[in-house]
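**Q** Kindly generate the complete structure, drawing on both the sequences and the hints.
Taken in order, these protein sequences are the chains called R and A. Heads up: the first sequence runs through residues 1 to 193, numbered per my numbering. Heads up: the second sequence runs through residues 1001 to 1181, numbered per my numbering.
In short, the hints are calculated from the structure, not lab data. Quick reminder that beta carbons are idealized off the backbone N, C-alpha and C, glycines included. Among the hints, a few may not be true.
What the hints assert, rightly or not - Which residues of chain R face chain A? A few of them, derived with a C-beta cut under 7 Å, are:
| # | residue |
| --- | --- |
| 1 | His17 |
| 2 | His18 |
| 3 | Val19 |
| 4 | Ile20 |
| 5 | Thr21 |
| 6 | Gln22 |
| 7 | Pro42 |
| 8 | Val43 |
| 9 | Ala49 |
| 10 | Ala51 |
| 11 | Trp60 |
| 12 | Gly97 |
| 13 | Ala186 |
Claimed, not checked - Which bits of chain A does chain R cover? Going by a derived footprint, with three or more residues having C-beta under 8 Å, they are:
| # | segment |
| --- | --- |
| 14 | 1013 to 1020 |
| 15 | 1024 to 1030 |
| 16 | 1116 to 1128 |
As the list claims (entries may be wrong) - Just the calculated beta-carbon pair ranges, DEER-fashion:
| # | chain 1 | residue 1 | chain 2 | residue 2 | range |
| --- | --- | --- | --- | --- | --- |
| 17 | R | Gly103 | A | Glu1035 | 28 to 34 Å |
| 18 | R | Ile189 | A | Ile1065 | 23 to 29 Å |
| 19 | R | Gly103 | A | Ala1130 | 31 to 37 Å |
| 20 | A | Pro1064 | R | Lys172 | 36 to 42 Å |
| 21 | A | Tyr1141 | R | Asn137 | 44 to 50 Å |
| 22 | A | Gln1123 | R | Glu130 | 40 to 46 Å |
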Amino acid sequence: MAKEKPGAIEVKTFATHHVITQPNRLRKVLRRIPPDIDHDDPVARAEQALADLSGEFKQWMTIEADRLSAAHAVVLRHGFSHETREELFRAAHDIKGDAATFGFPSAGAAAESLCRIIEHAPDLDQVPPELITHHINAIQAIVRERTKLDTAVMAGALSRQLRGIADEFLLKVNRDRPEHLEAILAPSIAPAE
Amino acid sequence: MYRIDFNKLRFLICDDNPHMRRILRTLLHSFGAREVYEAEDGATALEMYTHYVPDIVITDWSMPIFDGLELAQMIRQPESNANPYAPIIMLTAHSEKRRVTVARDAGVTEFLAKPISAKGLYQRILNVVANPRPFIKTKTYFGPDRRRNTSSTYIGPERRVGGEMEVMQQPSLLDKARSSI
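**A** Okay, structure coming up:
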């Protein structure tokens, strides 16, 4: 192997592919620090910064839930089209990703269940409308009622029940679609709460 | 133990959701980053990528019109004047394993499933800084080596064939890109 020159890319050419090795330009930002004198914890600092931001999370979550309801209202008025489906999916998908960070994990779980319906139902017009409506109402209720005592357990039970019904529906309508069945039954790779 | 000088790194984040952009910005600033550029869609991100030449890109997947997957594919153009080698961290609410494969095949360097955590993001950044993988170019793929490990028990067909033919040095595209701004 040729000796690496500073700033040079090394290309090794094979019959079917090239292997390209760049000098690691980013290595200069790494500092080696003996553990006994390392008192800095950037992760703890970032977690504290997130905690400082958490006063805004309830309002952000309300905005996200209202966006989902607005997208659903458009579906109810105009039916499913590519645009209305996409907006409903993106609104639910954002809640699926954000809600646990904002302190609403059950809303995230209900949004995930709704995303699975939108992604895997063979025909959204054949999905019982109340199945979608119940998901959206549940997310709104979880966000609205979070400040009350004893709602976390109820919110968890509600989102689990919705997921169970949604999965039962999806398994039934996808029984002849193995690629969807596989995706529906595959475990999630999302980090645990 | 290694620590990263975040104040020497330039980040580009791309997410259509303003709340997630705020979370990301907060995390990166807390780590010590000073240069954090933000785009709310893939097209703007691509423009900013060419203009600011970031060290690391963090992108959402699901965005209207021009999504994070397309952004990764546009960045990973081997003949591009912009740097095609920058690490791309895909931060997404997609949580199915098959999505990881799709992202990997688009040239994404690291995959981080939401909900986001400070620890998860820090580890992905540390990984791309400390352990960069070589790039592979084939007829159908250009991106970081998709084989992170060598499996001694692999018994399937070998897709990469042929002995070593030639080794050549080329000037860094990144240096060229940086010198042109």
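**Q** Could you tell me which of the hints above the structure violates, numbers in ascending order?
**A** Violated: hints 10 and 20.
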